[in-house]
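Each chain is listed here by its residues.
Protein chains: 2
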Amino acid sequence: MSAEVAKRMKRSKLDIPAGVSVKHCHLTKEHFKILFGSSAEPKRVKDIKQPGFYAAEEMIDVQGPKGVLKKIRLVAPYRDHTQIEISVSDAMAIGLKPPVRESGDVKNSAGATLVGPAGRIEIKEGVIIAQRHLHFSPSEAKNLGIASGEVVRVRAGAGGGRSTVFEDVVVRVSDKYSLEFHVDTDEANAAGIKTGDAVHIA
Amino acid sequence: MSAEVAKRMKRSKLDIPAGVSVKHCHLTKEHFKILFGSSAEPKRVKDIKQPGFYAAEEMIDVQGPKGVLKKIRLVAPYRDHTQIEISVSDAMAIGLKPPVRESGDVKNSAGATLVGPAGRIEIKEGVIIAQRHLHFSPSEAKNLGIASGEVVRVRAGAGGGRSTVFEDVVVRVSDKYSLEFHVDTDEANAAGIKTGDAVHIA
Chain A
1 MSAEVAKRMK
11 RSKLDIPAGV
21 SVKHCHLTKE
31 HFKILFGSSA
41 EPKRVKDIKQ
51 PGFYAAEEMI
61 DVQGPKGVLK
71 KIRLVAPYRD
81 HTQIEISVSD
91 AMAIGLKPPV
101 RESGDVKNSA
111 GATLVGPAGR
121 IEIKEGVIIA
131 QRHLHFSPSE
141 AKNLGIASGE
151 VVRVRAGAGG
161 GRSTVFEDVV
171 VRVSDKYSLE
181 FHVDTDEANA
191 AGIKTGDAVH
201 IA
Chain B
1001 MSAEVAKRMK
1011 RSKLDIPAGV
1021 SVKHCHLTKE
1031 HFKILFGSSA
1041 EPKRVKDIKQ
1051 PGFYAAEEMI
1061 DVQGPKGVLK
1071 KIRLVAPYRD
1081 HTQIEISVSD
1091 AMAIGLKPPV
1101 RESGDVKNSA
1111 GATLVGPAGR
1121 IEIKEGVIIA
1131 QRHLHFSPSE
1141 AKNLGIASGE
1151 VVRVRAGAGG
1161 GRSTVFEDVV
1171 VRVSDKYSLE
1181 FHVDTDEANA
1191 AGIKTGDAVH
1201 IA
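In the order they appear, the protein sequences are chains A and B.
For the first sequence, position 7 matches number 7 in our numbering, and the numbering has no gaps at all.
Take the position in the second sequence, starting the count at 1, then add 1000; the result is the number in our numbering.
The shape of chain A in the complex, shown without the other chains (with noise of 0.2 Å):
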């Protein structure tokens, strides 16, 4: 067996669980204290699975063109740019069309108007559509001989009438991460998963 078939394999055998990420935003210090007022801080509800992040108590609305997206749910801490995660239903649903990006990667992305408890701001880019990745830590990425920024191909759903290979999976290494397959709701949808559902390498 070659060392090619033979790294192809252990990585095809690795449990990796899927993360769906249902629509929520990032805010900036900034953007936060005009929506929720100069004292406001963003309070925990719940730990998210990948490490120093949680869910916030704070919701926002997003309006597009065409309409509204209500309770955009806030995950925290700051950021240094306000990003809006949405699927590309939600999307079409208020009349955006945001690009497919890794997150961080805002510039000249979509514009909306985020609407909370003390106040609005008009964004003229922040709304994205996250290019679906994996999540590794140092340690799972060096055992599977795999790369920050490699490109590779998840097979999820299999045994559900819903199979799908995704292609274009970005890996991202960091010692920040946990082992992690993260999609948005349309791609969990189209292959049948939710999260915790365990994915594999294709």
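Treat the hints with care, since some could be wrong.
Said to hold, decoys possible - Some, not all, of what chain B presents toward chain A, calculated at C-beta under 8 Å: (1) Ile1034; (2) Ser1089; (3) Gln1131.
Calculated directly from the structure, the hints in this document are not laboratory data.
We put the beta carbon where it would ideally sit given N, CA and C, even for glycine.
Fit chain B to the supplied structure of chain A, relying on the hints for placement.
Same frame as chain A, but now just chain B:
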């Protein structure tokens, strides 16, 4: 080159147009009359790609335990069984969990309340998530050596950042069918495709 390889190559070269099904309904005559009135008849808006079918002017609301889907378009003519085809995203929004089914296979599928301008009906079954499928005419199928009921894989969205291989794609051959790859909005959005985009057997 083996016959099998030659067959696969031939199959993979055919451009197949995607047909994205937005949520819609098919109604029995009896149900139509309850919802729209005894003297009403479906009014043609436009033909759809599959011969003999047309989108009608009439729309209904579909109520589930957690909400309502508004303005679900009727696809006519009448059918022997009422069938509501929605995406998983749609289903979750109203609190339903319909099974993935081929069209016509509504036995023990999900129920809902249908609401029209003239009346309402509680259906015990009929709400499904459509099984993705390929439509072939007999001559197209013969040319590719493909049989009705065969399960194939289809690659869609290549080059757009969301390339996806859909497995569990059922082939249906009929002289009533026109070449088309049928997916719902979740599936189309997961691959970044729209109606008319070319997809390929993988």
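Results of checking the hints against the structure:
1. This hint is violated: B:Ile1034 has a C-beta 30 Å from the nearest C-beta of chain A, more than the 8 Å allowed.
2. Interface hint status for B:Ser1089: upheld, as the beta-carbon distance to the closest one in chain A is roughly 5 Å, under 8 Å.
3. The closest approach between the C-beta of B:Gln1131 and any C-beta of chain A is roughly 7 Å, which is under the 8 Å cut-off, so the hint is satisfied.
Hint compliance for this structure: hint 1 alone is broken.
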